[in-house]
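Number of protein chains: 2
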Amino acid sequence: MRRDKIMNTPAIRRMPTYLHKLLKMQSEGKVSVSSTELAEYMNIETIVVRKDIALTGISGQRRVGYDIGELIRYIIQFLGWQENISATLIGAGSLGSALLGYEDFSHYGFKIESVFDSDPEKIGTVIHHREVYDIRTMAERFSDFIPAVAVICVSNTAAQTVADQVVQLGVKYIWNFANVALQVPSDVVIQREVIAGGLALLGVRMKMDRLNNIADK
Amino acid sequence: MRRDKIMNTPAIRRMPTYLHKLLKMQSEGKVSVSSTELAEYMNIETIVVRKDIALTGISGQRRVGYDIGELIRYIIQFLGWQENISATLIGAGSLGSALLGYEDFSHYGFKIESVFDSDPEKIGTVIHHREVYDIRTMAERFSDFIPAVAVICVSNTAAQTVADQVVQLGVKYIWNFANVALQVPSDVVIQREVIAGGLALLGVRMKMDRLNNIADK
Numbered sequence: 001m002r003r004d005k006i007m008n009t010p011a012i013r014r015m016p017t018y019l020h021k022l023l024k025m026q027s028e029g030k031v032s033v034s035s036t037e038l039a040e041y042m043n044i045e046t047i048v049v050r051k052d053i054a055l056t057g058i059s060g061q062r063r064v065g066y067d068i069g070e071l072i073r074y075i076i077q078f079l080g081w082q083e084n085i086s087a088t089l090i091g092a093g094s095l096g097s098a099l100l101g102y103e104d105f106s107h108y109g110f111k112i113e114s115v116f117d118s119d120p121e122k123i124g125t126v127i128h129h130r131e132v133y134d135i136r137t138m139a140e141r142f143s144d145f146i147p148a149v150a151v152i153c154v155s156n157t158a159a160q161t162v163a164d165q166v167v168q169l170g171v172k173y174i175w176n177f178a179n180v181a182l183q184v185p186s187d188v189v190i191q192r193e194v195i196a197g198g199l200a201l202l203g204v205r206m207k208m209d210r211l212n213n214i215a216d217k
Numbered sequence: 001m002r003r004d005k006i007m008n009t010p011a012i013r014r015m016p017t018y019l020h021k022l023l024k025m026q027s028e029g030k031v032s033v034s035s036t037e038l039a040e041y042m043n044i045e046t047i048v049v050r051k052d053i054a055l056t057g058i059s060g061q062r063r064v065g066y067d068i069g070e071l072i073r074y075i076i077q078f079l080g081w082q083e084n085i086s087a088t089l090i091g092a093g094s095l096g097s098a099l100l101g102y103e104d105f106s107h108y109g110f111k112i113e114s115v116f117d118s119d120p121e122k123i124g125t126v127i128h129h130r131e132v133y134d135i136r137t138m139a140e141r142f143s144d145f146i147p148a149v150a151v152i153c154v155s156n157t158a159a160q161t162v163a164d165q166v167v168q169l170g171v172k173y174i175w176n177f178a179n180v181a182l183q184v185p186s187d188v189v190i191q192r193e194v195i196a197g198g199l200a201l202l203g204v205r206m207k208m209d210r211l212n213n214i215a216d217k
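Chains A and B, in that order, give the protein sequences. Each residue of the first sequence is one higher than the one before, starting from 1 at the first, in my numbering. Each residue of the second sequence is one higher than the one before, starting from 1 at the first, in my numbering.
Since the hints were made in silico from the structure, they are not lab data. Certain hints may be false.
[To be verified] Derived CB-CB ranges, DEER-like:
# : chain 1 : residue 1 : chain 2 : residue 2 : range
1 : A       : E113      : B       : S143      : 31 to 37 Å
2 : B       : T137      : A       : S59       : 37 to 43 Å
3 : B       : E131      : A       : S59       : 53 to 59 Å
4 : A       : I214      : B       : N213      : 31 to 37 Å
5 : A       : A158      : B       : T125      : 40 to 46 Å
6 : B       : S143      : A       : V64       : 21 to 27 Å
[As the list claims (entries may be wrong)] Among the chain B residues that face chain A by a calculated CB cut under 8 Å, a handful are:
#  : residue
7  : L22
8  : S94
9  : M138
10 : A139
11 : F142
12 : L169
13 : G170
14 : V171
[What the hints assert, rightly or not] Once the Cα atoms are required to be at most 30 Å apart in a straight line, the calculated DSSO-like pairs of lysine-lysine come out as:
#  : chain 1 : residue 1 : chain 2 : residue 2
15 : B       : K24       : A       : K24
16 : B       : K30       : A       : K51
17 : B       : K30       : A       : K172
18 : B       : K51       : A       : K122
19 : A       : K207      : B       : K122
20 : A       : K111      : A       : K172
21 : B       : K51       : B       : K30
22 : B       : K111      : A       : K172
23 : A       : K172      : A       : K207
24 : A       : K111      : B       : K172
25 : A       : K21       : A       : K51
26 : B       : K30       : B       : K122
27 : B       : K122      : A       : K51
28 : B       : K207      : A       : K24
29 : B       : K111      : A       : K207
30 : B       : K30       : A       : K24
31 : A       : K172      : A       : K122
32 : B       : K51       : B       : K21
33 : B       : K122      : B       : K24
34 : A       : K122      : A       : K30
35 : A       : K207      : B       : K207
36 : B       : K51       : B       : K122
37 : A       : K122      : B       : K24
38 : A       : K30       : A       : K51
39 : A       : K122      : A       : K24
40 : B       : K122      : B       : K21
For every residue, glycine included, the Cβ atom is placed at its ideal position computed from N, Cα and C.
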């Protein structure tokens with residue numbers, strides 16, 4: 001909680017989108033980019049882009065724009081993505097499969113190195129070049145090396161049990177895609193991904209539009 | 001942008017998690033809940049829970065707690081979820097399939113009524129009780145009824161083309177899961193879901209922990 005307060009969450013959430021755009025521009029041979037260009041691309045105001053970029057610690061060269069290569073390095077450094085992050089995925093359903101196939105993770109140093117499931121029909125199958133292991137073999141497989149992050153993609157009802165298991169094995173970071181708030185010891189960090197959160201925002205925007213339409217009549 | 005500024009985005013994003021918990025408590029026969037209970041569950045401070053709940057317009061009864069049924073109604077009303085939201089999904093890959101199987105959407109009045117893809121291997125298959133249609137038939141199928149929301153789950157490279165198509169057909173709300181900023185007319189609302197955004201937050205937290213560990217030594 002304390003950490004949430006001092007982190008500029010929306011700005012950090014925008015970083016992968018800047019990075020994606022900058023990597024694309026770099027591959028197209030571009031050398032510099034202005035905050036205005038990035039603002040147009042992101043559909044946000046230029047001042048917000050400047051503040052976001054300032055967070056990375058890069059020194060501003062507003063007249064000539066930012067050097068794309070340098071900005072990429074600063075963003076990656078800011079996100080701590082210059083070091084590889086080892087991860088395990090629990091739950092090889094469609095959402096888990098989507099994460100295994102997420103093409104941008106490789107640029108981010110995020111490596112899902114093992115996949116576990118409890119479903120006999122999934123165990124032994126290969127998804128995006130990774131074999132699905134029986135969840136009962138997890139402790140054994142992690143006897144030497146414990147991944148930094150556990151990505152939890154199991155059902156809401158199974159999520160807490162899985163969290164307990166990975167915490168007991170020594171995992172310190174959990175990326176949780178189940179729609180439940182997991183209870184873990186205070187030294188474990190949880191990043192909860194609530195997919196329905198976007199739907200909540202969309203719902204509020206639709207409601208505001210309806211109210212504005214009524215007001216206009 | 002203007003709308004983003006006046007919306008309390010983190011609070012709105014938390015609403016589905018409250019709702020999920022409250023629906024579960026209601027199904028267990030519970031009648032009232034305190035902000036402290038919700039705060040413990042959510043791993044946030046009680047004052048934040050109270051502020052979140054105040055957004056819904058419910059009158060606080062802090063001593064005895066909130067009536068669970070009433071709070072559920074207020075949250076649903078606040079999110080505009082009391083009216084059904086019709087949606088179409090474009091892209092029947094693993095992420096699209098995950099959304100089709102997302103068990104909580106039915107509680108939220110969010111109905112993905114049609115699914116389109118351009119892959120001949122996917123067209124005609126049935127995913128979570130919905131048949132995948134050829135994307136080339138979209139205009140024809142939407143000649144009578146246009147869904148409120150288009151959920152875009154195609155590759156980053158195809159996303160803009162698909163957005164152009166649905167906008168031309170009259171769709172006003174896009175829920176975009178591709179990692180690109182879509183360019184659309186100003187009367188179209190985009191909700192972008194950047195899955196790597198959570199990874200960015202996790203990366204920053206891991207970096208802060210590393211720095212704290214160094215500082216402690």
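Hints versus structure:
no., hint, verdict
1, E113(A) / S143(B): 31 to 37 Å, "violated (49 Å)"
2, T137(B) / S59(A): 37 to 43 Å, "violated (53 Å)"
3, E131(B) / S59(A): 53 to 59 Å, "holds (55 Å)"
4, I214(A) / N213(B): 31 to 37 Å, "violated (55 Å)"
5, A158(A) / T125(B): 40 to 46 Å, "violated (27 Å)"
6, S143(B) / V64(A): 21 to 27 Å, "violated (51 Å)"
7, L22, "violated (12 Å)"
8, S94, "holds (4 Å)"
9, M138, "violated (21 Å)"
10, A139, "violated (23 Å)"
11, F142, "violated (18 Å)"
12, L169, "violated (18 Å)"
13, G170, "violated (14 Å)"
14, V171, "violated (12 Å)"
15, K24(B) / K24(A), "violated (45 Å)"
16, K30(B) / K51(A), "violated (46 Å)"
17, K30(B) / K172(A), "violated (33 Å)"
18, K51(B) / K122(A), "violated (43 Å)"
19, K207(A) / K122(B), "violated (34 Å)"
20, K111(A) / K172(A), "holds (16 Å)"
21, K51(B) / K30(B), "holds (23 Å)"
22, K111(B) / K172(A), "violated (37 Å)"
23, K172(A) / K207(A), "violated (40 Å)"
24, K111(A) / K172(B), "violated (37 Å)"
25, K21(A) / K51(A), "holds (18 Å)"
26, K30(B) / K122(B), "violated (44 Å)"
27, K122(B) / K51(A), "violated (43 Å)"
28, K207(B) / K24(A), "holds (26 Å)"
29, K111(B) / K207(A), "holds (17 Å)"
30, K30(B) / K24(A), "violated (52 Å)"
31, K172(A) / K122(A), "holds (26 Å)"
32, K51(B) / K21(B), "holds (18 Å)"
33, K122(B) / K24(B), "violated (36 Å)"
34, K122(A) / K30(A), "violated (44 Å)"
35, K207(A) / K207(B), "violated (39 Å)"
36, K51(B) / K122(B), "violated (46 Å)"
37, K122(A) / K24(B), "holds (29 Å)"
38, K30(A) / K51(A), "holds (23 Å)"
39, K122(A) / K24(A), "violated (36 Å)"
40, K122(B) / K21(B), "violated (36 Å)"
Checked against the numbered hints above, the structure breaks hints 1, 2, 4, 5, 6, 7, 9, 10, 11, 12, 13, 14, 15, 16, 17, 18, 19, 22, 23, 24, 26, 27, 30, 33, 34, 35, 36, 39, 40 and satisfies the rest.
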